[in-house]
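Novice: Residue-level listing of the chains:
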Amino acid sequence: MTKIKLNIGVTGLNNTDNPGPGVPVIRSLRESKDLDVRIIGLAYENLEPGIYMENTVDKTYQIPYPSSGSQAFLDRIEYIHSKENLNVIIPNFDAELNTFMLAEARLKEIGINIYLPTLEQFEERSKTNLPKFGEKYGIKVPFSKSITSYADINNLRNHFDYPLLVKGKFYDAYLAYNPEQVINHFNKITAKWGVPVIIQEFIRGTEVNVVALGDGEGNTIGAVPMRKQYITDKGKAWGGITLGDEKMLEITKKLIKNTKWRGGMELEMIKTINNEYYLIEINPRIPAWVYLAVGAGQNIPEALVKLSMGMRVEPYKSYDIGKMFIRYSYDMIGDISQFEKLSMTGEL
Amino acid sequence: MEKLKYERPIINKINAGVPDKFGMKVRTQIMPKIENHSVKELIKNYGSPVYVISEKIIRDTYKEAYQAFSTRYPKVQFAWSYKTNYLDAVCKIFHDEGSWAEVVSGFEYNKALSNGVSGSKIIFNGPDKSDDDLEQAVLNNSFIHIDHFDELYSLIKISNRLKKTAKVAIRVNMDAGIYPQWDRFGFNYENGEAWNALNRIMLSENLELVGLHTHIGTYIMTASAYGVAAAKLADLAVRVQKKFNHTIKYIDLGGGFASKNTLKGAYLPGKDTCPSFDDYAESMTNALINSEIEPDKLPTLFLETGRALIDDAGYIIGTVLANKRLANGRRSTIIDVGVNLLFTSFWYEHDVLPAQETSQQTEDTTIYGPLCMNIDVIRAAIQFPLLQKDDNFVIPRIGAYNMTQWMQFITLRPNIILLGVDGNVHVIREKETSETFKNAEKMPKHLDKK
Amino acid sequence: MKLKSNIAISDSGFIFDPVSGDSYTLNPIGKEILSLLKGNKSDKEISDFIFEKYDIEESIFEKNYYDFIGMLSHHNLLEEL
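Residue numbers (my numbering), protein chains in the order written: chain A, 60 to 407; chain B, 6 to 455; chain C, 116 to 196.
The hints are simulated quantities; they were obtained by calculation from the structure and are not laboratory data.
Where a beta carbon is used, it is the ideal one built from N, C-alpha and C, also for glycine.
Taking lysine-lysine pairs in the DSSO-like style, the calculated list, with each CA pair at most 27 Å apart, reads:
(1) C:Lys168 x B:Lys329
(2) A:Lys247 x B:Lys276
(3) A:Lys251 x B:Lys269
(4) C:Lys178 x B:Lys45
(5) C:Lys159 x B:Lys394
(6) A:Lys247 x B:Lys269
(7) B:Lys169 x B:Lys126
Computed spacing ranges between beta-carbons, pair by pair:
(8) A:Lys118 x B:Lys97: 57 to 65 Å
(9) A:Ile169 x B:Lys265: 23 to 31 Å
(10) A:Arg371 x B:Arg189: 56 to 64 Å
(11) B:Lys68 x A:Pro190: 37 to 45 Å
(12) A:Tyr289 x C:Asp137: 30 to 38 Å
(13) C:Glu167 x B:Ile35: 27 to 35 Å
Here chain A stands alone, though its shape is the one from the complex (with noise of 0.2 Å):
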C-alpha cells in the first residue's frame, strides 16, 4: 500500500525542559505506517530546539504570537500555506488554540484542516469554568475560584485551607502556604497571562494523566493512561509509565462520549488514597508525553491527522501496560548562520 502523501504544519518546538508537543507529535507522524509527511515547522522563537534537530522539521517558518491579533497571525498562516501547500495544522500551544478554533472555518476553505474541540468545549473546561463543568458531567473536581486582584486574595481565607494551588489562565501552577505566597504567584501569573488568576484546592494525592483522542461524535479513538514517575521543579514529567487503570479509562470515555469531545486532550487527575479522581484540569491538545501512547501502541497523533482529513478510523482498543518513557536532554550544536537566516528572513 502506497502511503498518502501530508504536508503537515506543526507548532510548539519548544523540546525544552517545559517541552511543547511538537516534536513528539512529529516523531510519532514520522513512525506512520499509511502517512508519508512533510513537516513544516511553525516557530515563535529562534531557539524552539525543534527547528535544529535531525529528523524533525522539513521546513520552519516564523509565526507571530497571538498576542499580535488574529490577522498577522493568519496572514503569516496564509503566506506559510501559499508556498508549502499545507494539508493540516496540529496546533500545539494553548494560547494558539483559540485563534485556531475561530479561524477553523477560513482555514478549511483554502484546505487547511484543524481537528480541535468546538469553542464550547474549550470555554466548558477552561480552569475558570472547571467546577461547572464537573458538576454538569458528574466528575470530581477541586474546589477553586477565579480572582482579578489583591482584594480578592484576603478573602481567600474564608473558602480555602492553605496550601492552596494559584494558577494562570493558560500555563503556570504554584503551590503557596500563605497570602503573601498568593501575592508573589498572582504578580508573576498576572504579568505573563493576565486575569483571572485561579484559586484551587489543593488535592493531596498521586497525579495520573490520560492521553486521549475523541472523534467529535462521542467515541474515544484512543486513551493511554499514565502516572508520572518523577517530575522536574517546572512540574513536567521526567519519567513515566503506561498504567492498566480501568477507572482511569472509564472516566475518560465517559467524558468524551458527554462531551462529545473533538481532538486531542489531555486529563489531569489526582488520585487520593481514598482512590478518588479529582479532575484537575483538562488540555485541550496532545499532551507533550503523546510518544509514550505511540510506544504502548496507540499513534494518537496519525489518528488525529487521519480523523482532520476525513478518513475513517476505527478505535484503538488496547495498549501495553507499563511502558515507560525517560526524558533526556542531549546538546546539538548549530552555528550562528542558521540562526542569521532565521532570524533576517523568519525562514529555515
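Position chains B and C relative to chain A; hints supplied.
Specialist: Positioned in the frame of chain A, the structure of chains B and C alone reads:
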C-alpha cells in the same frame, strides 16, 4: 538623481529564544485619513491634539446593534448612556436614531431635557439623586431606577407629597457568573433584598412598578452572563405577576458590552475576543423568550449600552513632540496626548497608528504623554515605527468615557470635531481658553492687589 | 567613532559580536552607516554620504545619527576612545 526616502537608522538586539511577547514583527498599520479627511489637514485646521468623532460610525454601529436585538425580540428600546459621552451633538445623533436617554445625575438629566428628550423617555439611574432631582423626575413621568432603600423611602415621601404616581424600577445586583460581581449598586437578588424592595414598592400607593433593571458589570466578555441576568430578572417578573397580578412592562439589562479595545493584562487583542452584538442579543433574548413569562406579557427589553456604541466612532489625533533614549537604551516617544485626555489608557492598550508612511522597521518603545508627571504613560511597551518630531498619529477607538472623564491639568482641553454625514467637519466643542477658567474663579478682596 | 574591528556585518543587516555573543539586526540605513564606520569614515564623511543619497534635513539626521551612535555605544560595539 532623485534622492531616496530617508528613515532613522536603528539597531535592535535579537533576544535569543527568550519568550518575547511580540514574537515576529507584524506590519504596522498606518492611518493617514479618517473617512476622506486627511489627518494632517485636520490638525492644521483644528489644532493638535484634537478629538474626532465620526457621525457615520455612530449611526452604523447603532443600526447594527438595534438590528441584532430587534430581529430576535419583538420589543426593544435603547437608551443612550449619557455618562459615556454627553456631548450634545453625540446625544442628538443617538436620539435621532431612536435612543432614549439614560442619565445618572441631575446634571445629565437636565442635559437630556435640553437636548429635547421628553421626560417620559428618560431613565434615571445611579446612587446619587437629590430630592429635587427625584421631584423633577416624578413630575416629568421619567423612569426612576431605585438604587437603595434610602432612595425608595425618599421617593415614597416625595410621591405622596406631590400626590403623583412615580414610575419606578429597581436596580438588581446578582451573581451572573462573572467577576468581579458588582454588588454596590441596587438590591441583591440572591439574598432576597430585591424581592423585599419589590414588595415594598407594590404596597406603596404612589409608586408604580414598571420595570426591573440590572447592570452586571463593565467590559463583559462572556455573552452568556447576560442570559443568566435576564433569566433572574424574568424570575422576579414572574413572581410579581403571581403574587400581585401585576405585569412588569420592561426589563432593562443595562450595558457593559465590551468594545474591541484590548484590556491591559489581556493576552489576546480585544478585536479577537470581543463578542458581537449578535452574541449578546442571542443570549439575552433566548433567556427572556424561554422564561416563564407568558408570551403576551413579554416585557420590552431596554438596553443602555454605551461603550460598545461609541468607542469605535471616536479618535484622538496628535503630534510627536520628541524622541528620547531612556537610561537603559530603550526608546521613548513623547506625544501631545496624555492621560489627561486619554483616561482610558489606564486600562486599555490603545493602538497608536502613524498618520504618514513609515518603513516597516519598529523599535520597542514606551509612549509618554506630555504631562510633567510620571504616571503619564500611554503605552508602556509597544513595537512602534520610527516617527520623527512633528509627525502625526491617530489613536482610534476612544469615543467612550474620554470626553467625560477627561482632566483639565496644566493645559486646556482641545477642540472636538464631528465628521458629519453631510461631508463637512463641524467643531462640536470649542477648545478651552484661559478665559474659560478665569471666568469661574473669584479673587478675595484682600488678595486683589495690583 | 570607530567600530570594533571584529564585528561582522552581513548583507542581510545581521551583525554578530563574537566577544559578547550577542547578535543584532539593522535597518538598511543603519547597515550603511555601520559599514561606513567600519571603513573608518569620519562623522562628516558619513553625513555627507547620507545627504547625497537621501532626502533628509541636516538637523534631523544629526539627531538620529547621534542617537544611533549612542545605541552602538550602549551595545558596546564601538572602540573605546
